[in-house]
Amino acid sequence: KNQVEQSPQSLIILEGKNCTLQCNYTVSPFSNLRWYKQDTGRGPVSLTIMTFSENTKSNGRYTATLDADTKQSSLHITASQLSDSASYICVVSGETGANNLFFGTGTRLTVIP
Amino acid sequence: DSGVTQTPKHLITATGQRVTLRCSPRSGDLSVYWYQQSLDQGLQFLIQYYNGEERAKGNILERFSAQQFPDLHSELNLSSLELGDSALYFCASSPGGGRAGELFFGEGSRLTVL
Chain A
76 KNQVEQSPQS LIILEGKNCT LQCNYTVSPF SNLRWYKQDT GRGPVSLTIM
126 TFSENTKSNG RYTATLDADT KQSSLHITAS QLSDSASYIC VVSGETGANN
176 LFFGTGTRLT VIP
Chain B
32 DSGVTQTPKH LITATGQRVT LRCSPRSGDL SVYWYQQSLD QGLQFLIQYY
82 NGEERAKGNI LERFSAQQFP DLHSELNLSS LELGDSALYF CASSPGGGRA
132 GELFFGEGSR LTVL
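Here the protein sequences line up with chains A and B, keeping their order. Numbering-wise, the first sequence is residues 76 to 188 according to the numbering used here. Numbering-wise, the second sequence is residues 32 to 145 according to the numbering used here.
Simulated from the structure, these hints should not be mistaken for lab results. All of these numbers come straight from a predicted model, not from anything done at the bench. Careful, some of the hints might be misleading.
Derived pair list, reagent style SDA-like, types lysine to any residue, alpha-carbon separation capped at 25 Å [what the hints assert, rightly or not]:
| id | chain 1 | residue 1 | chain 2 | residue 2 |
| --- | --- | --- | --- | --- |
| 1 | B | Lys40 | A | Ala161 |
| 2 | B | Lys88 | A | Asn77 |
| 3 | A | Lys76 | B | Lys88 |
| 4 | B | Lys40 | A | Ser158 |
| 5 | A | Lys132 | B | Ser33 |
| 6 | B | Lys40 | A | Ser160 |
| 7 | A | Lys76 | B | Ile91 |
| 8 | B | Lys88 | A | Gly169 |
| 9 | A | Lys146 | B | Gly73 |
| 10 | B | Lys40 | A | Gly116 |
| 11 | B | Lys40 | A | Val120 |
Go ahead and model the full structure; you've got the sequences and the hints to work with.
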């Protein structure tokens, strides 16, 4: 069964600290993996998209890694800011088809001063 | 600003009623996707349209229907509403129609059924 699991479910960190969010998936075949940031009550915004051949991709203070062999990805946030407080959603795309997007339930990150 | 516009932002209605949610995709995008997000739940794919034609269908109830018009805007119709239909409904658009490319999400329509 195609699934995307994220951990932890929620996380609280101090402003300025780093954190890492995890995403494990069983989707096969695999096309790409995306990380989205969703502020409360807002639409998700894309952070990164990674294909099979990409191991690491950065977007400012966000760095995503992908291990396609173990079917694991992580999102590392450096020097967190209060504005990083949001849900981070991992989405895995199957080979073709719009309905072949598999969404994780997200990690809710809270950054406190 | 993603370029995807959804209206209304908020909607409160009663059980048994019918509502229509509207989505205008980014300029030039041919695909429109509808997703439902219930409280503290993940995004659930409902349906996709590409250039006016239904392309893919997910977990969309028979009480729900959608269409995409020649100007590429889309409407999601929800009828015989139940309490459990209360959720955020997101529209997303992308340029292509086959392999799911980059998705751009609107800000959502929050539906509350009382």
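Margin query: Hints numbered earlier in the text: which of these fail when held up against the supplied structure?
Written below: Violated hints: none; all satisfied.
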